[in-house]
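Asks: Read top to bottom, the protein sequences are chains A and B. Sequential numbering of the first sequence, starting at 1, is according to the numbering used here. Sequential numbering of the second sequence, starting at 1, is according to the numbering used here.
Hints were generated in silico from the structure; no laboratory data involved. Accuracy of the hints is not assured; some may be wrong.
Any copy will do: because identical chains look the same in the list, a pair fits if it lies in one copy or spans two.
As the list claims (entries may be wrong) - Simulated crosslink set (DSSO-like; lysine-lysine; CA at most 27 Å straight-line): (1) Lys51 <-> Lys218; (2) Lys199 <-> Lys107; (3) Lys104 <-> Lys141; (4) Lys107 <-> Lys264; (5) Lys162 <-> Lys173.
Protein chains: 2
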Amino acid sequence: MKFEITILGCGSALPVVHRNPTAQLISVENNNYLIDCGEGTQLALRENSAKLQNLSVIFISHLHGDHYLGLMGLLSSMSLLGRQKEVTVVGPPELEEVIRLQMKVSKSYLNYELIFKPTSADDLNLVHEDKKVFVYSFPLKHRVPCTGYKIVEKQRMANIIKSKIDFFKIPVKEIKNIKKGADFITPAGKIIANNRLVKPAPMPRSYAFCSDTIFEPKIVEYIKGVDLLYHEATFLEELRNRAEVTFHSTAKDAATIAKEAQVKRLLLGHYSARYTEIEAFRTEAETIFSPVELAEDNKVFHIESTRQG
Amino acid sequence: MKFEITILGCGSALPVVHRNPTAQLISVENNNYLIDCGEGTQLALRENSAKLQNLSVIFISHLHGDHYLGLMGLLSSMSLLGRQKEVTVVGPPELEEVIRLQMKVSKSYLNYELIFKPTSADDLNLVHEDKKVFVYSFPLKHRVPCTGYKIVEKQRMANIIKSKIDFFKIPVKEIKNIKKGADFITPAGKIIANNRLVKPAPMPRSYAFCSDTIFEPKIVEYIKGVDLLYHEATFLEELRNRAEVTFHSTAKDAATIAKEAQVKRLLLGHYSARYTEIEAFRTEAETIFSPVELAEDNKVFHIESTRQG
């Protein structure tokens, strides 16, 4: 069962060649979500052989151009390519006005229904749920209202061990309950403990996305213990002043949040265009927290399943 | 003296890899103008080593996304890169509202003054003038209000032949008038004809840009005799019905306009994404008019000077 993050853009406000503005494709089994959609995202999706039509929900963190200017083009292309299935866009309330105005001036319509769900940058909010995941928004601290997103896989049922069904002659109607944790009681009244009958379900996996934000300890409670934390690191410590003025973080800030939140892995990105080499971001962050991964365009990060117990 | 057109994007509504949506950089000596600005134009400019800060005026033909969605990102990047010199944007009146709204929601400001000049799709209008060129907008016929643009070089003065200055002992104060066409009268009263003193000035060069439009014979009067005509050719004749329904042209339509307008060369572009090979556009157009050039991303087309007379 796949849970992977494809980096479509790891740059910041000023795009540079080979570093698109922010966009990430999150694939959980066959469900595909997009977080942020900087200029050029539709092409980046194609270069990664991602089918635009498989996207179900698009989450926008905030209305700085490098996080959403690719949205109109993507929505338009999905329509031109014949999409009929609805698309949900989750983002700041003003985004709806921006979309509607641009649709109006182009006298265009979309072949599919566009569902807009406004975010609120006040607290943790459930903004999406489907068969595979819950998605929550939570407040970041930036120059404009900005939310992070946390994608949490739903708890799956345990896998019943097939040979046990035959051995204990378990009737079909009992199987669902056993998968949910029930013991099996034989016709003779003997109790077979659940843990003899099933392989435990994998632990629900989780991913949190924090961009853009100044160092903000309040984030910790929202992202506690996630398997993978993406946290922006626009600057290195040498430019701490610049980070504070622009409401961005340093690699050390990101690592401090990761450590406090006891996440499993930290992924950095949103590097300022001034940095051509990014290895220093890892070096700086690893003085605080490990392991640290570095986002690069077209790189894919997997979150592996682990069994419970 | 340079007059060249760099194709930054030759595609149409659906961007494909190696074919960006419409944008062209027009360089007349050291003056740089942009016509249309589809998504990704700022990166295309950089890939062509064009300095964003050298752009003076941006002309937008109409408000379909593939012609303007790269504008906000470009304006933002010019500011982030420290530009202070004003930028003029010429385009449909509603574009101003789109820009202002996106500036508002991003709580951003530009370091430079943005001057907006609305176009009117009713007739030929002078929309820009500087030391080198006049730029006119003129109506095209599309699904939304849409204008073409014509860039006409200003008439330069003739070049006085240096050896004649010495030979006839021409005083400095006479030189400007001679460049403008005056004869020279020697202190002894002898008339030296102007054409013995100067090399004629080069003919003013001109470029017309027509995208997007259905076949529209009225265009002919606006673009009569230009040195290079860019005319959209979204389809081949085999899809004439599709061209008519979508208010686009075929290669043959474009060639018919070029022939009627007696232009010197025709440049085709805005190919539908369904065409991977474009040579057939030239073949079809050349049954009507020749020579025909094919726009391709990053290709540069030069307009050479010719002397008068």
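Asks: Now, for every hint given, state plainly whether the structure supports it.
Replies: Hint check:
no.	hint	verdict
1	Lys51 <-> Lys218	neither (36 Å within a copy, 42 Å between copies)
2	Lys199 <-> Lys107	neither (56 Å within a copy, 53 Å between copies)
3	Lys104 <-> Lys141	between (32 Å within a copy, 19 Å between copies)
4	Lys107 <-> Lys264	neither (48 Å within a copy, 35 Å between copies)
5	Lys162 <-> Lys173	within (15 Å within a copy, 105 Å between copies)
Taken one by one, the earlier hints fail for this structure at numbers 1, 2, 4, listed in ascending order.
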